[in-house]
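For reference, the chains in residue letters:
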Amino acid sequence: MARFLKKRDKSTGQMPGSLVFLGNQKEEQIRISSMMYNKDGLIRDYKPVPDNKLPDIPEQSDVLWLNIDGLHDTSVIKQVGEKYDLHPLMLEDILNTDQRPKHEDFENALLISMKMLRFRDENNTIETEQISLVIKNNLLLSFQEQAGDLFDPLRNRIRNNKGHVRRSGTDYLGYALMDSIVDNYLNIIGKIAEKIEELEEPAIKASDKNIPSQIYHWKWELKILHRAVMPFRDMLLKMLKLHNEYFGKGIEQFFKDLLDLSQQALESTEIYRDLLSDYYNIYNIGISNRMNDVMKVLTIFASIFIPLTFIAGVYGTNFEHIPELSYPYAYFIMWGVFITIIVIMIIFFRRKGWL
Amino acid sequence: MARFLKKRDKSTGQMPGSLVFLGNQKEEQIRISSMMYNKDGLIRDYKPVPDNKLPDIPEQSDVLWLNIDGLHDTSVIKQVGEKYDLHPLMLEDILNTDQRPKHEDFENALLISMKMLRFRDENNTIETEQISLVIKNNLLLSFQEQAGDLFDPLRNRIRNNKGHVRRSGTDYLGYALMDSIVDNYLNIIGKIAEKIEELEEPAIKASDKNIPSQIYHWKWELKILHRAVMPFRDMLLKMLKLHNEYFGKGIEQFFKDLLDLSQQALESTEIYRDLLSDYYNIYNIGISNRMNDVMKVLTIFASIFIPLTFIAGVYGTNFEHIPELSYPYAYFIMWGVFITIIVIMIIFFRRKGWL
Amino acid sequence: MARFLKKRDKSTGQMPGSLVFLGNQKEEQIRISSMMYNKDGLIRDYKPVPDNKLPDIPEQSDVLWLNIDGLHDTSVIKQVGEKYDLHPLMLEDILNTDQRPKHEDFENALLISMKMLRFRDENNTIETEQISLVIKNNLLLSFQEQAGDLFDPLRNRIRNNKGHVRRSGTDYLGYALMDSIVDNYLNIIGKIAEKIEELEEPAIKASDKNIPSQIYHWKWELKILHRAVMPFRDMLLKMLKLHNEYFGKGIEQFFKDLLDLSQQALESTEIYRDLLSDYYNIYNIGISNRMNDVMKVLTIFASIFIPLTFIAGVYGTNFEHIPELSYPYAYFIMWGVFITIIVIMIIFFRRKGWL
Amino acid sequence: MARFLKKRDKSTGQMPGSLVFLGNQKEEQIRISSMMYNKDGLIRDYKPVPDNKLPDIPEQSDVLWLNIDGLHDTSVIKQVGEKYDLHPLMLEDILNTDQRPKHEDFENALLISMKMLRFRDENNTIETEQISLVIKNNLLLSFQEQAGDLFDPLRNRIRNNKGHVRRSGTDYLGYALMDSIVDNYLNIIGKIAEKIEELEEPAIKASDKNIPSQIYHWKWELKILHRAVMPFRDMLLKMLKLHNEYFGKGIEQFFKDLLDLSQQALESTEIYRDLLSDYYNIYNIGISNRMNDVMKVLTIFASIFIPLTFIAGVYGTNFEHIPELSYPYAYFIMWGVFITIIVIMIIFFRRKGWL
Amino acid sequence: MARFLKKRDKSTGQMPGSLVFLGNQKEEQIRISSMMYNKDGLIRDYKPVPDNKLPDIPEQSDVLWLNIDGLHDTSVIKQVGEKYDLHPLMLEDILNTDQRPKHEDFENALLISMKMLRFRDENNTIETEQISLVIKNNLLLSFQEQAGDLFDPLRNRIRNNKGHVRRSGTDYLGYALMDSIVDNYLNIIGKIAEKIEELEEPAIKASDKNIPSQIYHWKWELKILHRAVMPFRDMLLKMLKLHNEYFGKGIEQFFKDLLDLSQQALESTEIYRDLLSDYYNIYNIGISNRMNDVMKVLTIFASIFIPLTFIAGVYGTNFEHIPELSYPYAYFIMWGVFITIIVIMIIFFRRKGWL
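Chains as they are written, first to last, in the numbering used here: chain W, 1 to 355; chain V, 1 to 355; chain Y, 1 to 355; chain U, 1 to 355; chain C, 1 to 355.
Be careful, since some hints might not be right.
Since the list can't tell identical chains apart, any single copy or any two copies may satisfy a pair.
Derived lysine-lysine pairs resembling DSS-like cross-links, with alpha carbons at most 30 Å apart [stated by the list, open to error]:
id, residue 1, residue 2
1, K78, K209
2, K195, K241
3, K83, K47
4, K256, K223
5, K78, K256
6, K256, K83
7, K26, K205
8, K238, K47
9, K256, K205
10, K191, K83
11, K256, K238
Derived by calculation from the structure, the hints in this document are not laboratory data.
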């Protein structure tokens, strides 16, 4: 299958509204973990829910964060949906991991679906994974295709009560999760940027034949990045316009900050795409310059020695009457002529700037 | 005739408003088939209407789906129009198969015209076909230029009562048909994408002279795709803005999903167009690199052996007085000189990085 | 003078508002013809007005169509303006044939000025001509620089009472004339498109040196087309927005159709412009490929025979002591060496893929 | 200093609001001339104001046009500003000749600043000069850096009472001056267009090495043009939107005409910029074609004669036992072989299409 | 780390809202200096605040300008924030030196953050530094990463009471500081522009192999410039739209002037980016032309002397029966043939235009 177009065909023949997991199973088993806190302290630290028994939505100002790793078992997802009264289309969106990032306001909950990126050093490729957040009062659900350490720093901050997070509700927790995603983008861009800038020198030298395919490789990875970041930015723009009820008034400033960062991420991908095009051009010119060098060497050698060889050939003919042959110093005169021609040619090539 | 501009000239000399079929006849005979169902069960399975006798529009919550394959016989189309009270301009739009996809709200019915694509494996080309939907209360008409199996899965779902389709009205049926069309787009893009990505390796190697014309071929097919998908997307955007009366409130969510998918299809065509341009560049650079290789071989051989041949030529001259000729080891000294020159040249080319 | 910038300098030194003909005289004499009809029948068939005596504007639902061929005699145009009470600036616009297509609502009449195109087969060029329509109640004036057969099919339809035209007023007649213009565009594009697509094969082969100048020629002609179609489309967009009083309510549907067609014409010019750029690229790559072929032949011949010639040269030297010369089979051994070298080189070039 | 960025550094260290002339002095002395007229006749013909004694603003419907040539003497400009009660920032704008064209509504007067262009035939360059108009009731001030004949035709029309100009107020005079500026643009574009089109033939032939630098030169001049015309067009767009009080109602039609012309000028610069890019491409392909020709000649000569020389070399060796040497017709057989090889090679090259 | 993406990773693990300095320490110690004036005179000249003891906000129409050089010591910044009642997010923005330029209206003060540029002559690079302004009634705070002389001319003008500055409030002072920033941009662009235009001649000659990497270098620097100027311009556009309360009515004219200047700066970066692309093209064509020259020389020498050498070779063969060898004038006839061939070849190459 083509790289950008993977999973839709699985669902062909299925009606919209029926729950199908559109992705590759990345976890052995779905694992549900929860964390609970309020502004006074941690009520329950992050640990797996025993027997996947889903906790109730807390009351008052307690915040329950439920994290689901793995999406392949639709029955578990269905159970989560029923427990917390989620719209069937919302569950479908969560399971369809090939979606464009978006936010959707269902009647009693807000869905935010985004892309998390993973950079594989071994083959320099980016892998995309879907992360969905469901925000309700007092409850935040996060769905990941695969367990990861993206949110660990955030969990530590909750534990240590650093920053705003414990003093605020699910809206701030949602923001903090999105902030982790943007951080993830900027980190990946940073890694790619370094790798791209390493191409600068060999591109200028045009010495390595693999440069064009490397440039092309990174262009492709930047496209994958762009496909994650661009709709994320658009989603933030829309969220700021709509003044969603799930977000308190004080939080707008933080979303503007997120928007700035995602804008910066987007601009960076564009700057590096341009840079790769410049590398293409510069490499191309480098090759032409090298070809020129090769041709100059050939031309200089050939233009000097071909006429000389001709002259030698003339005196190698076996005609009976060649007067020069019997001149006593003829051989030395010939050498004089050779050297004169060589000197003239060298001066000629010097003038042309080829030597 | 040029490929993008086919049928308009047929109608020159005809006034707008008169019924003319603008297309190529693709069916022997027009075939009208119908299917009827409501939420309780299937009333009539999909089969041809006997003697093309058109059924009446059902009442209450029954849904009648009438499918017309073949458009060349304007009298039959006219008859359909009269039976179901369709606007003459609507019929004209249905018959003009060279239109841009659009939706048009006539007084008592909604027309949606779209492009269905067919990928011919034998020559790797896309064929375009027009599909028009007319949506009225309780009645949905679908007009195809040619019979096809695009809607078969949908019919099965109606038979087996899977998903929403039997519980909903003509609006949902219309949505489900449009969903089949988008699926069709994504499938075609998937096929093309695979074929395009197969060009990557030979483009990098620049070994196959047919690569440029293949790149050019796929660019053209992507243009045809783009011409179908782009106005389809625009049509969906407009439909969502206008909140058409023919679509119930609950269905908006499904149309947003369609919009997302068509947006994804559009982006994919653009990504693959860019990819083809990258292949162009990479192939071009590959050719330059190969030329460089060729030139290097020539230069190395010529630069080494032309001076040697000159030296040999000098001692092949027939001058009477060439002192070197009579030195006892002159011949071996000459070989020594030859080998020295060869070694120097090889070192020189090594330093240049040509060997 | 430059091709795109022709006539303005004539008017330098003239104040706006004074009547000057800005064009080249294309007719011997201005010829005024008229046609009159209503829904019941043809009142007067299309024929020249005797002595250019201008008829009065008819009453009730009669429609008078006055066609003026030739614009060079400003006194006649002035007379027309006075007879039908046209604004001086309107007359000026009609006479300035170098204008961009536009519609302008003067107090008592609507001016629509457009470009008619003529394709000259003999030199494959497009010629532009201005056509202006003035629409008043019961009167439609059409001004052409030169007599032509563009509107003949329309006249026939009026005669034969085909389509809507006789049942409707000047607004529909205006629409029908604009429809003829769009048809004209699509026909010209069709012709050019065919000519352009004929370049595909020679561009891929890169065999014909005139391809680049032909590509460039068609790019230029497409620009001329674009300059006519683009503002025409924009004009239609504006007319649909403004809901002009000169056009009845029922006619909007027809204008949407015109807009669709002009949009299609515009897209086609853009598609063919892109196509020409692709031809450029493909031709360029073709040349590089041919150059590669040439270089390979040279390299193969030179790399094989230059070393051989060197060896032969060595044994053509006249040193007194060359041991090999007296070996009985030396000559045949030399041939063995030659053949060995040739075989090795051929294997080498085969491996490189050059043979 | 760089060409596009000239004068701002002079003002560094100066506060905005202080009068400094930012330009190069182009006149020996500031010269103030005036002209006065009303609809009944010329009150005062255009001539220098004695001792730069500024006349009073006339009353009723008289129009006073004051033209100031030269801006370097800020005291004179200040005096003008005081006499006619002009805002200090307006004077500053007039003196800053490096501004983008704009119009600015100060409390009691309107400032319009534009660029006048001068085409220097001797070095094919465009020079930019600022022209500022100040429009008040009954008074129009025009400031030029240097005396010129741009407005002479307009003055003649006022003298001879041609067109609207004498019947209208300062608003129409302002329009007429702007019309002269657009005429100036179109004339310059016309000149450049001719020069550019002259490059077509040598670009196709790729015979002249100076073509690329000429293409580049004209691209640069078009950029200068674009920088003058583009903001002028934008200024007109804004003026038409704002319905400025200084312009009577009847004059809007004239401004639309100006807008059309400036739009046309802008499109022309874009068309010629594209044309120059096409020339680049076509020239580039031409060079590749010429290179191909050169290589073919080399390859044909080398591929034919190198093998022949090798054969001759073989029989030039001095081996004692070369059986062929003593065959009586060996020499003639060798010639037969030579001719056969030549014929085969020629057929081979013919088949390749190189001969 | 990649050049465009520097400091964000430091803050990973930090919650938004906590004060962290995101930058490199550029000053030994934070230095706070102040200046105070009103329209009657200078109250306190610019000098360091003793022991960093922060002065109180003055009353009435006195203006206090506090400049902070160095940002690395967050405790000092926090102290400033507490003294003048600044929002914590505002302080965070000031400390995050990797932000995009923006203005943000906090409840009781306006934050404007911009980029100051520094051009390093020694390596032709631009360095970016953040400058933040906080505007309150009677108080203006300016935060710089590093002490600089950018604002010295402004301070002199305050001392000498030149221009508006002493007569106006903090709003005008804010404007004057922003004006210094734009001046800074235009100066840097001016410097870069000069350097870029110096590349024109060597690019046309294509003589220097470093031209492509220099072009690429300046493209990169222009991108850095663009990243500073573009959001600055956008910020001004927004500020003019919002009619911020911190700016008096009379100051709008000055902001329009700033907008014009930043627009001009932006256009200049774009013009020079285009120019660099033109240099790329022209250099590329220059290389092709030079290659052509090289090839011509080779072809001319080889095509003339290879056939001659062949002929000489023929008469160097040792066949026993070569009739020509014994003709008395054969040697001279051979020379005649040589000269004839040379002349013919020269004529041939002349006709081709290669000589």
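Outcome of the hint check:
With identical chains, the CA atoms of K78 and K209 are never at most 30 Å apart, being 53 Å at best within one copy and 54 Å at best between copies. For the homomeric pair K195 and K241, neither the shortest alpha-carbon distance inside one copy (37 Å) nor that between copies (42 Å) is at most 30 Å. Taking the shortest alpha-carbon separations for K83 and K47, only the intra-copy value of 19 Å comes in at or below 30 Å, while the best inter-copy value is 44 Å. Taking the closest pair of Cα atoms, K256 and K223 come within 30 Å of each other both inside a single copy (25 Å) and across two copies (24 Å).
Taking the closest pair of Cα atoms, K78 and K256 come within 30 Å of each other only across two copies (23 Å); inside a single copy the shortest separation is 35 Å, beyond that limit. Taking CA atoms no more than 30 Å apart as the test, K256 paired with K83 passes between copies only; the shortest distance there is 26 Å, against 34 Å inside one copy. For the homomeric pair K26 and K205, neither the shortest alpha-carbon distance inside one copy (43 Å) nor that between copies (35 Å) is at most 30 Å. Taking the shortest alpha-carbon separations for K238 and K47, neither the intra-copy value of 34 Å nor the inter-copy value of 47 Å comes in at or below 30 Å.
With identical chains, the CA atoms of K256 and K205 are never at most 30 Å apart, being 43 Å at best within one copy and 47 Å at best between copies. Taking the closest pair of Cα atoms, K191 and K83 never come within 30 Å of each other, the shortest separation being 41 Å inside a single copy and 41 Å across copies. Taking the shortest Cα distances, K256 and K238 sit within 30 Å of each other both inside one copy (12 Å) and across copies (15 Å).
In this structure, the earlier hints numbered 1, 2, 7, 8, 9 and 10 are contradicted, and the remaining ones agree with it.
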